[in-house]
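Use these hints to put chain H onto chain C, whose structure you have.
Listed here are the chains, written in short residue letters.
2 protein chains.
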Amino acid sequence: MDAAHAPVDQRPVSIDGLLALARPDMAGVDGLIRDRMQSSVPVIPALAEHLIGGSAKRLRPLLTLAAARLAGGQEDGCLKLAAAVEFIHTATLLHDDVVDSSELRRGKVAAHLIWGAPASVLVGDFLFARAFELMVEAGSLQALEILARASRVIAEGEVLQLTRAHDLDLAQETYLEIIGAKTAELFAAAAEAGAVSAGASAARCLALRTYGQNLGLAFQLVDDALDYSGASDTLGKNPGDDFREGKVTLPLLLTIARTGPAEKAFWERTLERHDQTEADFERARALVVETGSGAATLALARDYAEGAKRALGEFAGERVWRPALEDLVDFAVARQA
Amino acid sequence: MDAAHAPVDQRPVSIDGLLALARPDMAGVDGLIRDRMQSSVPVIPALAEHLIGGSAKRLRPLLTLAAARLAGGQEDGCLKLAAAVEFIHTATLLHDDVVDSSELRRGKVAAHLIWGAPASVLVGDFLFARAFELMVEAGSLQALEILARASRVIAEGEVLQLTRAHDLDLAQETYLEIIGAKTAELFAAAAEAGAVSAGASAARCLALRTYGQNLGLAFQLVDDALDYSGASDTLGKNPGDDFREGKVTLPLLLTIARTGPAEKAFWERTLERHDQTEADFERARALVVETGSGAATLALARDYAEGAKRALGEFAGERVWRPALEDLVDFAVARQA
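The listed protein sequences derive, respectively, from chains C and H. Those letters in the first sequence? Residues 1 to 337, per the numbering used here, in order. Those letters in the second sequence? Residues 1 to 337, per the numbering used here, in order.
For the record, the hints were derived by calculation from the structure and aren't laboratory data. For glycine and all other residues, C-beta sits at the position ideal for the given N, C-alpha and C. Incorrect hints may appear among the rest.
As the list claims (entries may be wrong) - If you only want the chain H side, here are some residues facing chain C, beta carbon under 7 Å, derived:
no., residue
1, Arg152
2, Glu156
3, Leu170
Isolated chain C, as found in the complex (with noise of 0.2 Å):
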């Protein structure tokens, strides 16, 4: 079907129109990134630089402005928030990836493999600091306390995330919190600290933090579904990535319950035990696909979509920023096109 014959309710889905709203905003925190990252000891803005600069999609600071600008914000504090979401994120990426031991981030071969585990985490150390430093700058104590209960959820999710993703028996309401905490707390505080910066109404702030949220569970279950049929080019990693490290994500939880006691064995060999050949990803992956656990994931992902985009009924009489907060959680949704 092409763009032309489709329904009249689905707009292609882009977020050309998001980007070229924020456009003069998004510049403003790029040159912000880019001085703050600096600092005196140089592999600090080399290593900032392999993972910051280029390809990535920085979600999240656009998260921050937009929410600001829907708002009716019309002062600059929101960049240096949007700078320091975008930090905050860029220091969980490098400690995961060291906690992982993940080959590729974004693309590119992961900074552990090129600077060393050691430097990840101190660089990782640096950038989380470097956000603090720029809340602090943008001066809401409001902001600054969304963001800091945000860094603290992401870690306790990591952590979650480390202890119980290996366990065969986790209950998808456990999934639920681990990815609502690692991932789609800072969707939420870095939309919630927006409004805040705007000065924004109580049930907006509230409803923007609610947008963030869905769109952040819908995102991660998209990214879950993409790790068992995604290319590593539009994932910026490796497929794969979360079965080789025994990770137990939604399309797994569903196939391990519909396969049941005929795969037991498999599962245990390849998740618990952890002794796999590159053959038994594609036995998974065929299996993630056959019970239609992918297709499943997917689905819940459209249901949280639907609720970020109800969230923005809060903002009903708005033409400019909500219709274009809409197309993201179309955008990410769609991903696996």
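Chain H in isolation, oriented as in the chain C frame:
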């Protein structure tokens, strides 16, 4: 010489007076620390308790409290800042032990050897975020700025040490820059933040910052000297750790310069090529003593200690906390005993 015959200007080296003065405040800080290290994710309080419970000296939060009280602060906002300072310190210890692959910390097996390096990295992130949540509660943007900046400077110092510390030609200035950033900055910020929370004048905030900075430099110099002369029960870590990691600290820098070409091959093998036996440490230790390099390091520590005491001149009329903070300086440089 017994205490009765000590010269009048040499009080016995003890911080019992300071600890007694600070006891009610420190009990409050301890309560905050135990409360805020809790999490619904069980590994987090278990790992934090291992490091925080029991034998920690808690010098840094003590500095925050003493600075606040010396500067006339009556409020309890400084308790939250003090707990935040201890969380920042604990987070950096967790990350440092991963970076250095240390085996002992505070007289116990290092956390990463029990729970793994990934858990240590992530619990460090949790504690760092908790520190900022506590600072937000304390409500002073100025204190937040001081401690966010300190967190960033510490990370820069750690990276500088990581990339330069195996360099036999390390300049003494670079060594002082490293310990100024990785150790003295938090002492300085802890004291300054306490003064700020008390609403002290700019001159008094600066005086307490200067006190903390000089105390921190003295403290680290003594630590580096003790690595060639201490016993593991005084240190809470193994003597010789710096040498075994190939970390070139001041006692070694001076020894390398003083032994000249005669020992060049020995230093290159043991420190640059990292080809060592246990007997090599004993030889290095003997050279540090014979060349007077250990004594010279301690002499420099005493210079900074005097600087710390001079900074307290700003509070010349105060007869309770100022003498107690002078005792702390003497205690820091007398640890070799």
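Does the CB of Leu170/H sit less than 7 Å away from some CB of chain C? At 14 Å from the nearest chain C Cβ, Leu170/H fails the 7 Å test, so the hint is violated.
Holds or violated: Arg152/H as interface residue toward chain C, Cβ cutoff 7 Å? Interface hint status for Arg152/H: holds (4 Å vs cutoff 7 Å).
With a cut-off of 7 Å, does the beta carbon of Glu156/H approach a beta carbon of chain C closely enough for the hint to hold? holds, 5 Å
The structure does not agree with numbered hint 3 stated previously, though it agrees with all others.
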